[in-house]
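Asks: Hey, can you work out the whole structure from these sequences and the hints?
Residue numbers (numbering that gives the first Met the number 0), protein chains in the order written: chain A, 0 to 287; chain B, 0 to 203.
These are calculated hints, taken from the structure and not from any lab test.
All values reported here derive from a predicted model rather than from experimental measurement.
Honestly, I wouldn't trust all of these hints.
[Said to hold, decoys possible] Straight-line alpha carbon distances no greater than 25 angstroms define the calculated SDA-like cross-link-like pairs of lysine to any residue that follow: (1) A:K74 - B:L96; (2) B:K84 - A:I141; (3) A:K210 - B:S9; (4) B:K16 - B:N26; (5) B:K84 - B:A21; (6) B:K1 - A:G81; (7) B:K80 - B:Y130; (8) A:K210 - B:W105; (9) B:K23 - B:A142; (10) B:K16 - A:G286; (11) B:K25 - B:D152; (12) A:K68 - B:N115; (13) A:K68 - A:D4; (14) B:K84 - B:Q113; (15) B:K159 - B:G88; (16) B:K80 - A:T140; (17) B:K25 - B:R85; (18) A:K210 - B:H165; (19) A:K210 - B:V46; (20) A:K68 - B:G31; (21) B:K16 - B:L28; (22) A:K74 - A:I137; (23) B:K80 - A:L79; (24) A:K175 - A:S122.
[Said to hold, decoys possible] Footprint (simulated), chain B over chain A, 3 or more residues, beta carbon under 8 angstroms: (25) 55-68; (26) 83-94; (27) 134-142; (28) 274-286.
Backbone N, C-alpha and C define an ideal beta-carbon position, used for all residues, glycine too.
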Amino acid sequence: MSNRDWSLVCFTTLAQWSIGIVLWFTLNTFLSVNPATGFETGLDLKNPVLLSLFLIGGATLVSFLHLGKPANALKALSNLSGSWLSREILAIGVFSVSLAIVLLTGWNNGESGYQDYLLVISSCCGLVLLWMMIRIYIMPTIPAWNSWYTPLNFISTTLNLGLVTVLVFHAAGWVKIDSQVFNWFMVFLMLILFVETISGILHQYRLQRLKTGIDALVFDRGSFYGVFIFRLMLLLIAFLAVFNVILNSSVVSGYQYHLWLYPILALIIIQELAGRLLFYSSYFRVGV
Amino acid sequence: MKRLAFFFDSSSCSGCKTCQMACKDKNDLGPGQVWRRVYEVSGGGWVKNGSAWRQDVFAYNLSMSCNHCEDPICVNNCPTKALAKREDGIVQIDQNLCIGCKYCSWVCPYGAPQFNPLTGVMGKCDFCVDYIDQGKNPSCVDACPMRALDFGDHDELLEKYGPGEHIFPLPDPSITAPSFCIRAHPGARGSDPGIGNVEEVKIV
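Replies: So, in structure tokens, the structure goes:
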């Protein structure tokens, strides 16, 4: 993996994190009976949508580092009819604008009635962007990526990072989540971590059995395998930590669950970055 | 519509790399930029034949550049339309449009488009299009001392040299419909990657 590919690791992770935040924040808006927020206007640092906009903006800036000629970047919109990469870049723009509209309408009149629907539109834009990102990597000439694992990996990253971030916003008192919804969210977080663990192991098993062409990549030893084991350990620790929160919050009154959510967020961010690093490192193409 | 293609005779190639050097010279390519590459494929061992053991060793060379595919995956996926196919089938890069995203080099199964860190854009074999337009041969074809390389219309090459064989380690031709015709070395054993280990294929 070249140094420039680090920008892609960060770009895809940040972009999916951004989408995930909007998805879960929107879902909570409709699920919680009283989804009050700790922020007064749209442009408040306590607003997860603002964080989402920062993340997608940061992702876009980081993606420029991957380009040999960033000055020509706008030309990347020239092949919308044929290239998923072009479509992805357009989708990033649409998603970012939709987030900005959500924030600006909130800033104008506080709690406007149509903000919930704008959030739904943003979520839909985010899902379209996620689909574009997945499609870029489904290529018949790249066996390691051309599998069920690519969509599952991207979707689980989105759901995982978004959910744990919204939960942390709740723990900080900035977003209100009903206690029952909170419990369901924690169970879902545990479920995503479980799916990521199992799918990661199955994908590793598949990689080790692929014929890797002339690049002669080795997946079952060396640094690749080391990062894989490291990620598995982080996933396991995060899983146990979430399980611990679920267990204790249901039996101990006044349980300080929020103290657990911050380290869980850190663990999930690191394991997602490690997972994405493995994803890009597994690249090899058929042929010569 | 014409479909220009390369012919490569693996049975004649000595692996001297004159084609590779002619390409670098013609296109003024720096270190690490190899638009035409010569691969050495070797393998085999001992196989039991009745009560005796006989050796099964094989080795052959493969000279590969861009194959100007009929269905070029690089052209289809280029976000800037910097990659385009001419009327005569030549796939070219407009370096003024290229943003150096390297997606074309990811997806090409022949490793044809290559990133040039000095210019920040991709480069690849363009069939020596300026020579072609002047009615000359591509530099690699003229440079080959073994006359293992030829070029022409794909259908005419097939007529002249017979159907090209798909040999290891080339990818399944159905992916991009490459415009080439290969005369296989007697040691080449079809397209099954199982016949050679990855360590046995290298760029020489």
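Asks: Give a verdict on every hint.
Replies: Going through the hints against the structure:
1. A:K74 - B:L96: 7 angstroms, holds
2. B:K84 - A:I141: Cα-Cα ~23 angstroms, so holds.
3. A:K210 - B:S9: With a Cα-Cα distance of about 24 angstroms, the restraint between K210 (chain A) and S9 (chain B) holds, given a limit of 25 angstroms.
4. B:K16 - B:N26: 16 angstroms, holds
5. B:K84 - B:A21: 24 angstroms, holds
6. B:K1 - A:G81: Holds: K1 (chain B) and G81 (chain A) sit about 23 angstroms apart, inside 25 angstroms.
7. B:K80 - B:Y130: 24 angstroms, holds
8. A:K210 - B:W105: Status holds; Cα separation ~17 angstroms.
9. B:K23 - B:A142: 12 angstroms, holds
10. B:K16 - A:G286: OK: K16 (chain B) and G286 (chain A) at ~20 angstroms, within 25 angstroms.
11. B:K25 - B:D152: Holds, at about 22 angstroms.
12. A:K68 - B:N115: Holds, at roughly 11 angstroms.
13. A:K68 - A:D4: Status holds; Cα separation ~15 angstroms.
14. B:K84 - B:Q113: This hinted pair holds, its Cα atoms lying about 17 angstroms apart.
15. B:K159 - B:G88: 19 angstroms, holds
16. B:K80 - A:T140: 20 angstroms, holds
17. B:K25 - B:R85: 21 angstroms, holds
18. A:K210 - B:H165: 18 angstroms, holds
19. A:K210 - B:V46: 23 angstroms, holds
20. A:K68 - B:G31: Answer holds: K68 (chain A) to G31 (chain B) is near 19 angstroms, not above 25 angstroms.
21. B:K16 - B:L28: 15 angstroms, holds
22. A:K74 - A:I137: Given that 25 angstroms is the threshold and the Cα spacing comes to 23 angstroms, the pair holds.
23. B:K80 - A:L79: 10 angstroms, holds
24. A:K175 - A:S122: Between K175 (chain A) and S122 (chain A) the Cα gap is close to 19 angstroms, so the pair holds against 25 angstroms.
25. 55-68: holds (count 4)
26. 83-94: With 4 residues closer than 8 angstroms to chain B, the segment 83-94 of chain A meets the three-residue bar; holds.
27. 134-142: holds (count 5)
28. 274-286: Our answer is that it holds, as 4 residues pass the Cβ test (under 8 angstroms) against chain B, meeting three.
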